[in-house]
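Chemist: Chains as they are written, first to last, in full-length UniProt numbering: chain A, 1 to 251; chain B, 1 to 127.
In case anyone wonders, no lab produced these hints; they're calculated from the structure.
There are no misleading hints in this set.
Okay, derived cross-link-like pairs now, DSSO-like style, lysine-lysine, Cα gap no bigger than 27 Å in a straight line:
no., chain 1, residue 1, chain 2, residue 2
1, A, 128, B, 70
2, A, 134, B, 70
3, B, 113, B, 100
Taking beta-carbon pairs under 7 Å as the criterion, some of the chain B residues facing chain A (in silico):
no., residue
4, 50
5, 56
6, 57
7, 60
8, 61
9, 64
10, 65
11, 68
Beta carbons: idealized from backbone N, C-alpha and C, even for Gly.
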Amino acid sequence: MLLNQLIKELITKMGDDELIIGHRNSEWTGLGPIMEEDIAFSSMAQDKIGHSWALYRILHEELGGEDPDQFAFMRSEKEFKCCHLTEMPIGSYDFSLMRHFLFDHAETVRYNSMLQSSFLPLQQLARKVRGELKYHTLHADAWIIQLCRAGEESYLKMQTALDNCFQLACGIFEAGPDDKLLADEKVYPGEEALYGQWIENIYPVLVKASLNVPERKEPVYGGRYGKHTAYLQPLLNEMGEVFRLNPEATW
Amino acid sequence: MNDSLDPRINRLKLNKTDDPCKVEEGENWNVFEVFHQEKRGAHHEHVGCVHAPDAGLALVFAKEQFGRRKKCVNLWVVRSADILAFDVEDEDMFANNLEKTYRDASGFKVMEKINKFKAQAKPANDK
Numbered sequence: 001m002l003l004n005q006l007i008k009e010l011i012t013k014m015g016d017d018e019l020i021i022g023h024r025n026s027e028w029t030g031l032g033p034i035m036e037e038d039i040a041f042s043s044m045a046q047d048k049i050g051h052s053w054a055l056y057r058i059l060h061e062e063l064g065g066e067d068p069d070q071f072a073f074m075r076s077e078k079e080f081k082c083c084h085l086t087e088m089p090i091g092s093y094d095f096s097l098m099r100h101f102l103f104d105h106a107e108t109v110r111y112n113s114m115l116q117s118s119f120l121p122l123q124q125l126a127r128k129v130r131g132e133l134k135y136h137t138l139h140a141d142a143w144i145i146q147l148c149r150a151g152e153e154s155y156l157k158m159q160t161a162l163d164n165c166f167q168l169a170c171g172i173f174e175a176g177p178d179d180k181l182l183a184d185e186k187v188y189p190g191e192e193a194l195y196g197q198w199i200e201n202i203y204p205v206l207v208k209a210s211l212n213v214p215e216r217k218e219p220v221y222g223g224r225y226g227k228h229t230a231y232l233q234p235l236l237n238e239m240g241e242v243f244r245l246n247p248e249a250t251w
Numbered sequence: 001m002n003d004s005l006d007p008r009i010n011r012l013k014l015n016k017t018d019d020p021c022k023v024e025e026g027e028n029w030n031v032f033e034v035f036h037q038e039k040r041g042a043h044h045e046h047v048g049c050v051h052a053p054d055a056g057l058a059l060v061f062a063k064e065q066f067g068r069r070k071k072c073v074n075l076w077v078v079r080s081a082d083i084l085a086f087d088v089e090d091e092d093m094f095a096n097n098l099e100k101t102y103r104d105a106s107g108f109k110v111m112e113k114i115n116k117f118k119a120q121a122k123p124a125n126d127k
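Could you put the whole structure together from the sequences, leaning on the hints where they help?
Modeler: Laid out in C-alpha cells, this is it:
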C-alpha cells in the first residue's frame, strides 16, 4: 500500500474515534452528575469533535479527501474506522468516565508520538492539541482516583467499569495494514509501540487508585476494518439526521 | 468542622435554631472561590465559585467554568470556609470613609498645574 494511503487510513481512524466518542460524551450534556462536571465533560466532548474536524481537514486539504462535513455525516457505517470502545452507549457515569480515562490517555500517547512526525500536518496538530489533552487526562486522573477512594461501593463500580472497558480499550491499538512502513517513514511509531507507552502511562494512576489492571486477553478488534457493533449505526443516523436533510446547505 | 461549609451562611446566622442542621464530613462537597489570572504577573481576580470534593477537583472544574472563554494563564481556588470576612453588622467600621476625602488620591488638585503647564508649553511648540 502506498504511504499516502496508509497516512489517510491512520488519520481516518483517529478522526472517527474522536468524532464518535465526542458525540457519545456529548450525550451527557444536561445529565452530568453535577453542574461543574456537566460543563467540563461537555466542553471536552466539544474538544474531541474539534480534533476530528482538524483531522478531516488534513485529509481534505493535504490528501485530496472530501469536504469534512460530507466526510463526517454522509459516509456509510462500513466506511467508519472507529474502534468499538468509542461506539458503546454511555451507560452509567462510571463507564463513561473510565472510557474517557482510557481513551484520553491513548489519545495523548498517540499525539505525543506525532510531535516528531515526518508528516508535518500531524506534527502541527499534535503540538496544537497538547495543552487540551493535558487537561483531559488531568480531569480523568483526578476523577478516577477520587472515586476509587470514595468507599467500597464506589471502588467496586470503578473496578467493574475498568474490567468492562479494558479489552475494548485495547482495541484502540488494533494494528493497521502496514504499521511498519509508517514507523520506518517516521510518521508514527505504530500501534504496538503506542500500546506499550499507554500501559506505562495509565499504570501509575490505576495503582494509585488501587485498581487491578486486567491482562490484554481478548482485545476487541474489527473497528479499524469497518466491522462495528450494533450501536454505531443508530448513532450515525442521529448524528447526521439534520445534515442529511440538505447536504448542500451552508451553515 | 464548621457549622456550614459556606462562610456566608454562617454570617447570616441561619444555624441559630434549636435544631441545628449538621453537615457530616464527606456528606457535602465544599465550595471553593475561584480567582482568575488574565496574564502572567497580573492580579488574580475573583470570578465565582465551584463545588468540589477537594481542592484538586475544584481546580479541574474551575478551568472549564471560568478559564475556557477569555484569556487565562492561571487560576487559584480557595476553600470558601477558609476566607475570613467581617460580619455584616461591622460594616460601620467603613461608614465614615466618604467623609475622609483628605485620604482620597483625588484630593490632590493637579489638573490646574497640568493645564497651566500645557498652556505654557504650547506656544513653545508653535514656534
